[in-house]
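Q: From first to last, the protein sequence lines are chains U and H.
Going by numbering that gives the first Met the number 0, the first sequence opens with residue 0, and the numbers climb by one from there.
Going by numbering that gives the first Met the number 0, the second sequence opens with residue 0, and the numbers climb by one from there.
It is possible that part of the hints are untrue.
[Claimed, not checked] DEER-style ranges, computed between Cβ atoms:
1. H:D231 / U:D268: 40 to 48 Å
2. H:M136 / U:R285: 41 to 49 Å
3. H:E66 / U:H230: 21 to 29 Å
4. U:D151 / H:T197: 38 to 46 Å
5. H:E174 / U:D218: 53 to 61 Å
6. U:D151 / H:D259: 49 to 57 Å
7. U:E177 / H:E174: 22 to 30 Å
8. U:R101 / H:P102: 42 to 50 Å
9. U:E286 / H:Y42: 14 to 22 Å
Quick caveat, the hints were computed from the structure, so don't treat them as lab data.
Built from N, CA and C at the ideal position, the CB exists for glycine as well.
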Amino acid sequence: MNVASKLPNSPAALASQPLPSDKPPFLGFGLGLRADHYTEILEGNPPIDWFEIISENYMLPGGQPLRMLDRIRERYPIVMHGVSMSIASTAPPDFEYLQALRELAKRVEPKWISDHLCWTGVHGKNLHDLLPIPYTQEALDHVVSRVHLVQDYLGRPLVMENASTYVQFNNSDMTEWEFIAELTRRTGCWLLFDVNNVYVSAFNHGYDPHTFLAGIPEDRVVQFHMAGHSHMGTHIVDTHDHPVCEDVWDLYAAALKRFGHVSTMIERDDNIPPLDELLLEVNRTREIAGRVLPPFRQA
Amino acid sequence: MSDFARQQSDFQRGILAGDDTVLAEILDSPREKREALFGVYRYAYVARLVEAMGKDHELLHLYLGDEMFDEMGRAYVAANPSRNPNLRWFSQALPDFLKSTAPYSDHPVLSDLAALEKALNDAFDAPDAPVLGLADMAGFAPEAWAGLTFAAHPSAIRLDLSTNASAIWLALKGEETPPDAISLAEPCRLLIWRQDVTPMFRELTTEEAMMWDEAAGGIAFGVLCSMLATYDDPDGAAARGAGYLHGWISTGLLTGVYADH
Numbered sequence: 000m001n002v003a004s005k006l007p008n009s010p011a012a013l014a015s016q017p018l019p020s021d022k023p024p025f026l027g028f029g030l031g032l033r034a035d036h037y038t039e040i041l042e043g044n045p046p047i048d049w050f051e052i053i054s055e056n057y058m059l060p061g062g063q064p065l066r067m068l069d070r071i072r073e074r075y076p077i078v079m080h081g082v083s084m085s086i087a088s089t090a091p092p093d094f095e096y097l098q099a100l101r102e103l104a105k106r107v108e109p110k111w112i113s114d115h116l117c118w119t120g121v122h123g124k125n126l127h128d129l130l131p132i133p134y135t136q137e138a139l140d141h142v143v144s145r146v147h148l149v150q151d152y153l154g155r156p157l158v159m160e161n162a163s164t165y166v167q168f169n170n171s172d173m174t175e176w177e178f179i180a181e182l183t184r185r186t187g188c189w190l191l192f193d194v195n196n197v198y199v200s201a202f203n204h205g206y207d208p209h210t211f212l213a214g215i216p217e218d219r220v221v222q223f224h225m226a227g228h229s230h231m232g233t234h235i236v237d238t239h240d241h242p243v244c245e246d247v248w249d250l251y252a253a254a255l256k257r258f259g260h261v262s263t264m265i266e267r268d269d270n271i272p273p274l275d276e277l278l279l280e281v282n283r284t285r286e287i288a289g290r291v292l293p294p295f296r297q298a
Numbered sequence: 000m001s002d003f004a005r006q007q008s009d010f011q012r013g014i015l016a017g018d019d020t021v022l023a024e025i026l027d028s029p030r031e032k033r034e035a036l037f038g039v040y041r042y043a044y045v046a047r048l049v050e051a052m053g054k055d056h057e058l059l060h061l062y063l064g065d066e067m068f069d070e071m072g073r074a075y076v077a078a079n080p081s082r083n084p085n086l087r088w089f090s091q092a093l094p095d096f097l098k099s100t101a102p103y104s105d106h107p108v109l110s111d112l113a114a115l116e117k118a119l120n121d122a123f124d125a126p127d128a129p130v131l132g133l134a135d136m137a138g139f140a141p142e143a144w145a146g147l148t149f150a151a152h153p154s155a156i157r158l159d160l161s162t163n164a165s166a167i168w169l170a171l172k173g174e175e176t177p178p179d180a181i182s183l184a185e186p187c188r189l190l191i192w193r194q195d196v197t198p199m200f201r202e203l204t205t206e207e208a209m210m211w212d213e214a215a216g217g218i219a220f221g222v223l224c225s226m227l228a229t230y231d232d233p234d235g236a237a238a239r240g241a242g243y244l245h246g247w248i249s250t251g252l253l254t255g256v257y258a259d260h
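Extracted from the complex, chain U is given alone in its bound form (with noise of 0.2 Å):
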């Protein structure tokens, strides 16, 4: 008997695992949740349908933090965001990270979890980028192997994103899309579409960011970030402390147009501004689906 093809990664045990098909729900038009805008939040019940949290900022033993995310999960709907679960490394996976984020998510009861398609580290270090990985078909079993592990692990399906890239490697031999496509494919993996980092790779990499949008499934997305970057001239970094530019607003509305209705949210991250001037971003998000799609109904 061969006891490798019976083990739950195995190529074909996973063949024959049925994908998760319960689509996350749609949440409306939301915001990053960040410290500066807690008061803000819950002395003004501003008009934002759900927040995104970074996870890592509240996997903490105690105090203020948690506090708030308690009383404002009570208000609203809530998704979590994580930075560090590396799941393209090739060193072994960090069992006490993922054991806090479950711990996080019991608590928190998010809407989903996401992370990146990257890796932030291997030999124990841990470089707290979101750093590239060859689009190959070594990497992609690899990546499938490591999402089926990480979704029986926190019992539910991940949502994953697609990062900003700088660098391409010489021996990828499929695009980023493809890779993307397969992923979802063959992990029943959800997809967190980030529109700032498709312009930002694109630009980067020197492609049409409407064929990266073209390659990805139309069923499989169910969040897009909006965010500003950085243009250095020769390529552009994705900084998230500015507001969102013109053309990723445009791609926007085409990625609505393929997508159809799909929570989206507005990722700021450093340079933050009043609450007010975000809400005029969240504000935008809504009225361009409104203006691009059909209204929104509840199947």
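Let chain U serve as the given structure and place chain H on it in line with the hints.
A: Same frame as chain U, now just chain H:
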């Protein structure tokens, strides 16, 4: 080792150690050379970590100024690669680094200032726990008091500083010119904790610091009073002990009281 694993190793070494091996596997973009594009990762690695240190140590940053803080931060990053997925814990070894690494070790106030900021950060997100109130003490008969033991709130941290770093911290926080750094003949004994959601610190007398350390270690109130009696007027020891205890309870420093069993 697989190709993928080897490539990640090379990529990481390229960022951490400046090794260019991985460049042979990276493409130029239509507009930029691979060296410059890979440089984005090299630059971001150090910049992100030093920025995180600056957020954890705002007043040390203010005290040193941008240029010196940046130089110190780069030295720390080089000596302490992050091993925790959460950036929150990256600066934890900074007080030890400053204490043991020249030229910073020549200025003990830097390590003390970093230790105070670290303690305040640690108190900020320390575990939650119930807070003992004065009413909780009312149920104990006078004869039970000698046997009472106490549990410190999990956010409480004791720190002995050899310099006037706490006075410098207060001045910087108040946007005033800090006093010159001096080494103290007797250590400055601080208690740092979180009251509701706000990190606090205050200076303790030698006597109160002794009582706190022993009470937090589980020594019963009666014994604590006997210990106080060796520090100052023996007749007033019980009253002083009760006074310290009252202060701790009314500022949220204790989480439990237990009767002798």
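Q: Now tell me if each hint is right for this structure.
A: Hints, verified against the model:
1. H:D231 / U:D268: 40 to 48 Å: 54 Å, violated
2. H:M136 / U:R285: 41 to 49 Å: Given range 41 to 49 Å: violated, Cβ gap about 55 Å.
3. H:E66 / U:H230: 21 to 29 Å: For E66 (chain H) and H230 (chain U) the Cβ distance comes to about 27 Å; the hint holds.
4. U:D151 / H:T197: 38 to 46 Å: Since the Cβ atoms of D151 (chain U) and T197 (chain H) sit about 41 Å apart, the hinted range of 38 to 46 Å holds.
5. H:E174 / U:D218: 53 to 61 Å: 56 Å, holds
6. U:D151 / H:D259: 49 to 57 Å: About 51 Å separates the Cβ atoms of D151 (chain U) and D259 (chain H), which means 49 to 57 Å holds.
7. U:E177 / H:E174: 22 to 30 Å: Roughly 56 Å apart at Cβ, these two residues miss the hinted range, so it is violated.
8. U:R101 / H:P102: 42 to 50 Å: 45 Å, holds
9. U:E286 / H:Y42: 14 to 22 Å: 37 Å, violated
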